[in-house]
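> Residues per chain, in single letters:
Protein chains: 2
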Amino acid sequence: MMEQKGELISFRPDIKVVDCTIRDGGLVNNFGFTDEFVKKLYETNVAAGVDYMEFGYKASKAQFDVNSFGKWKFCDEEDIRAIVGENNTDLKIAVMADVGRTDFRKDIIPKKDSVIDMIRIATYVSTIPAAVEMINYCHDMGYETTINIMAVSTAKEEDLKLALDILAKTPVDVIYLVDSYGSLYPEEIRRMSEAYLKIAEAAGKKAGIHAHNNQMLAFANTIEACTFGVSFLDATMSGMGRGAGNCFMELLLGFLRNPKYNIRPVFKFIETHMNKLKEEGNVWGCDVQYMITGQRNQHPRTAIAFTAEKRTDYLNFFQTIIED
Amino acid sequence: MMEQKGELISFRPDIKVVDCTIRDGGLVNNFGFTDEFVKKLYETNVAAGVDYMEFGYKASKAQFDVNSFGKWKFCDEEDIRAIVGENNTDLKIAVMADVGRTDFRKDIIPKKDSVIDMIRIATYVSTIPAAVEMINYCHDMGYETTINIMAVSTAKEEDLKLALDILAKTPVDVIYLVDSYGSLYPEEIRRMSEAYLKIAEAAGKKAGIHAHNNQMLAFANTIEACTFGVSFLDATMSGMGRGAGNCFMELLLGFLRNPKYNIRPVFKFIETHMNKLKEEGNVWGCDVQYMITGQRNQHPRTAIAFTAEKRTDYLNFFQTIIED
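As given, the protein sequences belong to chains A and B, one line each in that order.
In terms of my numbering, the first sequence has 161 at position 161, counting the first letter as 1, and numbering is strictly consecutive.
In terms of my numbering, the second sequence has 100 at position 100, counting the first letter as 1, and numbering is strictly consecutive.
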């Protein structure tokens, strides 16, 4: 079994906390955040010592109607600048671009003209060649890059190994372990972290983790990966994110021992802004239907529909799921 | 670092699942469960293959007014029998008795006259001598016994070690690791499981875990302990329990691979009975105030009061807590 990288109390300057509230939380409310919310979140992240804030997607305007989504689905340069100005802070700005759903050659401009620092490229194992093309493009434009391989809990081990080997040869800075279905247990996270780290570190890269909370393990899996050497840690305020949501920022910052992080502004932000989002009818978080899709290692779309219909016939849902 | 006891997929016949819904959940609703609820829960546990069901406390009627609590605070023999009859099932019946809050010599009758199988003795490190007296008494009466050492996250390591050594010499069957404040992280659970198991196994005893969900780690800590050899696993329906609650039964049974467990009746019970309890105004579960007391390794009583007052000024609460 692999060794821990540091004990609980030790200081790990390599750790980077990434706030994904707007991006993954945007999947809950169709990116309909007010400018005030985004501005306050930005200020909170700066004050809390968070390392990166992901503003949303760079989605293709040819594929997605700009009138059907909030602006953070597209993350136009001027919209980000309206929040952060020149961003003269220690917080770096990230956006996500999905392979096949972005006009990256048109919409991702040279870094010298952008306030964005990092492009996070989301891919499946099956679309790695297209992802490599995007990595090379974004790297050449001057950005830091991450590759977020989604749904790895259903990927063949051999395919994943091959994908990691290919990615090791690219200029990507961070390789992310993404538990899209919230189906992985801590002991699996340990094994997978080991595999990711071995390949990433040999190539001078970092590893990251993006966890989902279907089985109430997002925080546990995040700190488990962290304990074993994964250093880019995704979290969201109140765990806001698609379906069961993500790792809670307030739990993660309470765990980390680096004095650069300050949890107080996070508590203030949650009481002022996150509770309001919930009162307005936005629903996310671990519920029985998400436990079921997580346990069965399935995409949460059926559980999201079940939630939207306000159903609670869990046993019927379970029977449907296992007969799929 | 210690080795895992079996991989995820392996079969562990030593595992015993203990349902604590009435006992720990009773701390939420003052033990005010209807007979119908308790009967259905009993039938659910039998159908689900759960190994033990804890009915409540054997509390002293001299210390606690029977008119101020539901009957499961006291667990009279006839009240249990009204639910289970002679309990001709594979499910065993447990009750808890707190050191110093029970008239055990009066209220715990010989096993041959009781439908109860196991007495769980709850103690602090400081009351170990009195606990040993109770262990000996209950063992001599013919019961299986567990010792649940509470609040170990604040105990001195030396005192805890001494306590475990003393307990190893008693006839107790199971020694429980209890994370009363929900403050322990998985890596601490691994270290403590190792310490408990080493002493328990050398004395021919089992180890158990009772986790709280303040930092959303109750399930993660339970399966972490399980993975490393702890075999008595406490859980409650919908995680119902004091404050932030406990490990969710529906998550635990989804994790375990032993085919004797059947999760379907649990889903049915939750949709029919647990959601109703919530609608009736019973409140438990992980919220920011519990994360804060968990992070600070404090008793949740301040967070419970904060919850009862329906407050959401988390930052004020945090400031008060850290200035204590």
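It should be emphasised that the hints constitute simulated quantities derived from the structure, not laboratory data.
Every residue, glycine too, gets a C-beta built ideally from N, C-alpha and C.
Heads up, a few of these hints could be off.
As the list claims (entries may be wrong) - Label pairs and their in silico Cβ distance ranges:
1) A:105 with B:299: 53 to 61 Å
2) B:195 with A:195: 47 to 55 Å
3) B:272 with A:7: 24 to 32 Å
4) B:195 with A:260: 31 to 39 Å
5) B:320 with A:34: 52 to 60 Å
Unchecked claim - Covered stretches of chain B (chain A as the covering partner; in silico rule of three or more C-beta atoms under 8 Å from a C-beta of chain A):
6) 64-70
7) 76-88
8) 151-162
9) 300-314
> Please go over all the hints and tell whether each is borne out by the structure.
Results for each hint:
no.	hint	in the structure
1	A:105 with B:299: 53 to 61 Å	holds, 58 Å
2	B:195 with A:195: 47 to 55 Å	violated, 30 Å
3	B:272 with A:7: 24 to 32 Å	violated, 45 Å
4	B:195 with A:260: 31 to 39 Å	holds, 33 Å
5	B:320 with A:34: 52 to 60 Å	violated, 31 Å
6	64-70	violated (count 0)
7	76-88	violated (count 0)
8	151-162	violated (count 0)
9	300-314	holds (count 3)
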